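There are 4 protein chains.
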Amino acid sequence: MNKLNIGLIGAGRIGRLHAEHLARNPLVKLHTISDVQLTEELRTWASNLGVPQLTDDYKQIMQNPAIDAVYICSSTNTHVTLIQEAAQAGKHIFCEKPISLDYRQTAEALATARECGVMLQTGFNRRFDHNFSRVRELVESGEIGRPHLIRITSRDPAPPSHDYIRVSGGLFMDMAIHDFDMARFLSGSEVKEVYAQGAVLVDPVIGELGDIDTAIITLLFDNGALGVIDNSRQAVYGYDQRVEVFGAEGSVGVTNDHPNTAEISKKTMVYRDNPKFFFLERYHEAYIDETRAFIHSIQTGQPPLVDGNDAYQSERIAFAAKKSLLERRPVQLSEIV
Amino acid sequence: MNKLNIGLIGAGRIGRLHAEHLARNPLVKLHTISDVQLTEELRTWASNLGVPQLTDDYKQIMQNPAIDAVYICSSTNTHVTLIQEAAQAGKHIFCEKPISLDYRQTAEALATARECGVMLQTGFNRRFDHNFSRVRELVESGEIGRPHLIRITSRDPAPPSHDYIRVSGGLFMDMAIHDFDMARFLSGSEVKEVYAQGAVLVDPVIGELGDIDTAIITLLFDNGALGVIDNSRQAVYGYDQRVEVFGAEGSVGVTNDHPNTAEISKKTMVYRDNPKFFFLERYHEAYIDETRAFIHSIQTGQPPLVDGNDAYQSERIAFAAKKSLLERRPVQLSEIV
Amino acid sequence: MNKLNIGLIGAGRIGRLHAEHLARNPLVKLHTISDVQLTEELRTWASNLGVPQLTDDYKQIMQNPAIDAVYICSSTNTHVTLIQEAAQAGKHIFCEKPISLDYRQTAEALATARECGVMLQTGFNRRFDHNFSRVRELVESGEIGRPHLIRITSRDPAPPSHDYIRVSGGLFMDMAIHDFDMARFLSGSEVKEVYAQGAVLVDPVIGELGDIDTAIITLLFDNGALGVIDNSRQAVYGYDQRVEVFGAEGSVGVTNDHPNTAEISKKTMVYRDNPKFFFLERYHEAYIDETRAFIHSIQTGQPPLVDGNDAYQSERIAFAAKKSLLERRPVQLSEIV
Amino acid sequence: MNKLNIGLIGAGRIGRLHAEHLARNPLVKLHTISDVQLTEELRTWASNLGVPQLTDDYKQIMQNPAIDAVYICSSTNTHVTLIQEAAQAGKHIFCEKPISLDYRQTAEALATARECGVMLQTGFNRRFDHNFSRVRELVESGEIGRPHLIRITSRDPAPPSHDYIRVSGGLFMDMAIHDFDMARFLSGSEVKEVYAQGAVLVDPVIGELGDIDTAIITLLFDNGALGVIDNSRQAVYGYDQRVEVFGAEGSVGVTNDHPNTAEISKKTMVYRDNPKFFFLERYHEAYIDETRAFIHSIQTGQPPLVDGNDAYQSERIAFAAKKSLLERRPVQLSEIV
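Chains as they are written, first to last, in our numbering: chain A, 1 to 337; chain B, 1001 to 1337; chain C, 2001 to 2337; chain D, 3001 to 3337.
Hints listed in this document are in silico derivations from the structure and should not be mistaken for laboratory results.
If you're wondering where the values come from, they're calculated on a predicted model, not measured in any experiment.
In this text, a Cβ means the ideal position worked out from N, Cα and C, and glycines have one as well.
One thing to keep in mind: the hints can contain errors.
[Unchecked claim] Computed spacing ranges between beta-carbons, pair by pair:
{"no.": "1", "chain 1": "C", "residue 1": "2190", "chain 2": "A", "residue 2": "278", "range": "55 to 63 Å"}
{"no.": "2", "chain 1": "B", "residue 1": "1249", "chain 2": "A", "residue 2": "42", "range": "34 to 42 Å"}
{"no.": "3", "chain 1": "A", "residue 1": "296", "chain 2": "D", "residue 2": "3334", "range": "56 to 64 Å"}
{"no.": "4", "chain 1": "D", "residue 1": "3207", "chain 2": "A", "residue 2": "269", "range": "41 to 49 Å"}
{"no.": "5", "chain 1": "C", "residue 1": "2114", "chain 2": "B", "residue 2": "1299", "range": "46 to 54 Å"}
{"no.": "6", "chain 1": "C", "residue 1": "2326", "chain 2": "D", "residue 2": "3102", "range": "29 to 37 Å"}
{"no.": "7", "chain 1": "A", "residue 1": "208", "chain 2": "B", "residue 2": "1142", "range": "21 to 29 Å"}
{"no.": "8", "chain 1": "A", "residue 1": "166", "chain 2": "B", "residue 2": "1296", "range": "54 to 62 Å"}
{"no.": "9", "chain 1": "A", "residue 1": "161", "chain 2": "B", "residue 2": "1267", "range": "45 to 53 Å"}
{"no.": "10", "chain 1": "C", "residue 1": "2326", "chain 2": "D", "residue 2": "3161", "range": "37 to 45 Å"}
{"no.": "11", "chain 1": "C", "residue 1": "2188", "chain 2": "D", "residue 2": "3222", "range": "34 to 42 Å"}
Generate coordinates for the entire structure from the input sequences, incorporating the hints supplied.
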């Protein structure tokens, strides 16, 4: 089987993560990486990775007919344009989340991809996590009966930089968007109504920048279930990623992964090591599997497991949450058109 | 030390529970039990317990100067009158929750007790639970820093009878009221705002009776923390009573008690026995300690650990939750006057 | 039903424990307590407990025809004589373990009790523990298939006094004897062979007194299963009482009880409170249930759940273990006659 | 940095495992694979892996000066010769365990490697496991004080074929040898005395073949600690790999890894998925890290983390265990010369 040629745009933290997994995947060739800033450090990293071409002009990816698929890992405000160019160049697309801070623009980008007949997968890596995918499997098989309550805890170990917060679209768009996708994934249902309560408890500067750092979001699903997400920008003990689906026939919950199972008993306490620190540690395998799934979709023609509509719907929920927070009332998803 | 003489009004399930603990407590004498229906079965039970006097007229308790304190375990609609009569008779009062379905009447009952200078303890037994009291202790000591998020899961193993639901005041008043008290207890703060989302997912008849059986309630506390309670009338795996307080310096969570620690590994799974089935099993020790604390307060003159105001405030929150559910909006506690 | 009258001999730590449970048990009357040293403190304690008669002459118990049953909680070297006297006086007997440091004398005491037709229950309280009894139940029901391996961990939080060690009969007789009984209880089989390895690692004085403080004991059972017990006189984190039975169809393990389920997540670790500290905390309920079972046996005429033969067999195993340690070889139980 | 060229001898299950990790390791080139049986299936597998040379003559590896290091994954009876040939050819050696069923031959092979100045690492993969290495780290740092007791549970999900048992050297040599290495690794001490108790409980044919399938092995270490290993050829619930080190200042225990953290609560039980099934699943990362460590040793000249002496000592312990089982007595390691 011929290897797929991949071009990757944006060699920041998440871009490099994907690049490293692509470089080790025997089914693909990481052909070209583009980044607007070609530092010496970046050159060394790419060379060690064995990437043949490094450029500061992403057009070299778009215009190269040898390249089959594109990873879009650049900043959010470039996603829509890049999706459209890639689609028009006939390349399959893997795009990081969110596609856009404006779900209407996302819709346009998706329309182009659809018209051009290319695959588009979105970077909701958590769907590939061994814990969450097991929950989904159990819900889908009916093991816990009809879902009644969905609880998601999602807390980062530390807030991002103030600079990032300025452009991120806010907690709902840059952080909780993963949880909105998880809520749809686990419930197997669309969201009908959102009520968001937020607070600035971690860092007052975050408040001054117009964002919140702590939130509780209540969801009502089309299938009648209720859901709740709690978020914090700072859990001092590390990345906290748990879910529970409670249903008519039982309940399934998953808790955090730890780096080992050691339990140490001392005179004053019994302790264990903290959960895996952040997404790089926790979702290491999920990122690998996400790329495997994307490659598999291209090779088999099967639709991606997480598509553009998944991004679109979660962006709408994020928008509704923001509106709810501002207007201090539950917001119907039907209002977000 | 002279034993305290106790009169107990209402020998239903919870009344008998208290009676049995009083009968074994070496510091008190369970002097009289009154109940409106003196069945043969009740007589046998009381006789086995060694209770000298059984009557269908609670006035015999109120009018007996030898009786120091009264346990009010009769139906909710009698509490206010009984508190007032007991207070005027100079007796200390232990009253089951809620004091009343109308927090304004509760306020009146409390005023009478205050004027008469008697102790009044409310039956929020969960404060005496080994798990929840440990959480409170850790929050109070500052171990987890300033509280940011409070999560309470509270699910019953099976719904009560339809007859009970008709008169109970609804899920917020008869079930979640314990959780409202827990929220105040754990946060060390009053509630400022409530938003309630409810659903009928367990039993449609509950909906026809005007109640809900599933709920998610968001709280905003005076101290800035956020809270969320999730309730269900039916957890098939048993009583589900968990809380978590997440703060600036860490988090503390407690999970359910199980009847044993056995873990059984079989060809297809690893399993353990279900959590303790319901409140009688789970809060067995808490009920004993609740009575010990009441006796201790009377003997030492120290104020009760859970007083009338605790009942009053939780009733106001229940009222606000109901209002929120009906009006589909967050409700300020300041509206509930 | 008439209450049983109980006499209790020996008001040390374990004697008082039984006395307190007897005083609260509605089916019995704790009639007389005897102890060789009637201190003021003991008088106060007994008076608070409501015990009518306190004496320094145990004969007042033996000779009182109103007394139905005797608790023997005095020092080990008195057990054989007291059993024989009580049996000849027609009283049922609850005797603390071990019955004697010499299993041949134990056999004589049991013979007397048998001839006199009185019940004799031995103080192997752990059989009544919620964890261990659940394991036994699962083994008995065949849930884990034929037992292959039995593992017992039994470690005390701190060594006893040197004075106690001088007279205790040594680690195998005073401490591991509980584990020998547990091995028989869980396997449902007699022990065929013992190999003991010991060490002095906690306190060199224990070695100077001719005892060990750390041990690993391998057992071969009549039913072909293998077993292993590990003991230490000092687990700094508290009483460590775990067992596992591994069989052809699965395995069941129980771990320690903790005072609560709180899990505290901090910047550097996740911790929980230590296990319950020692036998008073861990076996609180088991002691109550042990007495309930004894009373029930007397009332119904059913044989005791832990009888004299159970003490006798465990004493033989302790003797074999000591012999194995001295002679550095596996010892057959058939050698111990 | 130039890539290391590796030759691999023996493409059975474990050989292929190493080959696949070597093929993905960017620091090495898997240059040649030899196997005595070049099936079509093997050719396809090697081709997919991108291995340039496949041969049925291992001499092509030994005689190729371009090859820097050799993985010896062929059957145990070939190890000694292959080590000696590889050493004389100046190649670094990774050899699977055991090196030989006769520790004296192992000593000769090690002598040759030493004289030739090549590195030799042994395939005790478990030392690289995240759980066990954390235990070692905690012991080494003094966190639990001086070790008193070391407990190792090591049970396979299913017995190997009867054909394998015929040539494996028996349970102590093919299975428990990993545990002997673990005992030395965790205790930081050599073993002084061994007592082994064995049984045939899983499959009578194993007994007819002269082996056992169930064992309890007691160890006495040079540093005074005691140890115990329990083994079974068949744990129906999957691979059971746990250890505990109990010391003067505390204890550390590790339990099994599971494929996810999901806990499912149903009407009759709470369950979770079985532990990872067998060594391929459980030690996936450990195998990768084992190879990383070997490459690192070659590149840096640092001695291997698990060397030939580690194999030699564990083989001596296995021999002592077998002797103990046959002679029904504790055996001193000093007897095994």
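Can the suggested window of 41 to 49 Å be confirmed for the beta-carbon pair residue 3207/D and residue 269/A?
Cβ of residue 3207/D to Cβ of residue 269/A: about 47 Å, so the range 41 to 49 Å holds.
Note whether the CB distance of residue 1249/B and residue 42/A lies within 34 to 42 Å or breaks it.
This hint holds: roughly 38 Å between Cβ atoms.
For the pair residue 2114/C and residue 1299/B, does the Cβ-Cβ distance stay inside 46 to 54 Å?
holds (51 Å)
Honestly, do residue 2326/C and residue 3102/D meet the 29 to 37 Å range at C-beta?
Between residue 2326/C and residue 3102/D, where Cβ atoms are some 35 Å apart, the hint holds.
Residue 3222/D and residue 2188/C - C-beta distance against the hinted 34 to 42 Å:
Since the Cβ atoms of residue 2188/C and residue 3222/D sit about 39 Å apart, the hinted range of 34 to 42 Å holds.
Should the hint that residue 2326/C and residue 3161/D are 37 to 45 Å apart at their CB atoms be regarded as holding?
holds (44 Å)
Given the hint of 55 to 63 Å, is the C-beta distance from residue 2190/C to residue 278/A inside that range or not?
holds (56 Å)
Note whether the CB distance of residue 208/A and residue 1142/B lies within 21 to 29 Å or breaks it.
Cβ of residue 208/A to Cβ of residue 1142/B: about 27 Å, so the range 21 to 29 Å holds.
Residue 166/A paired with residue 1296/B, Cβ distance criterion 54 to 62 Å
Check passed, 57 Å falls within 54 to 62 Å.
Taking 56 to 64 Å as the hint, is the beta-carbon distance of residue 296/A and residue 3334/D inside that range?
holds (59 Å)
Supplied distance hint 45 to 53 Å, evaluated on CB atoms of residue 161/A and residue 1267/B:
With Cβ atoms ~51 Å apart, the hint holds.
The earlier numbered hints are all upheld by this structure, with none contradicted.
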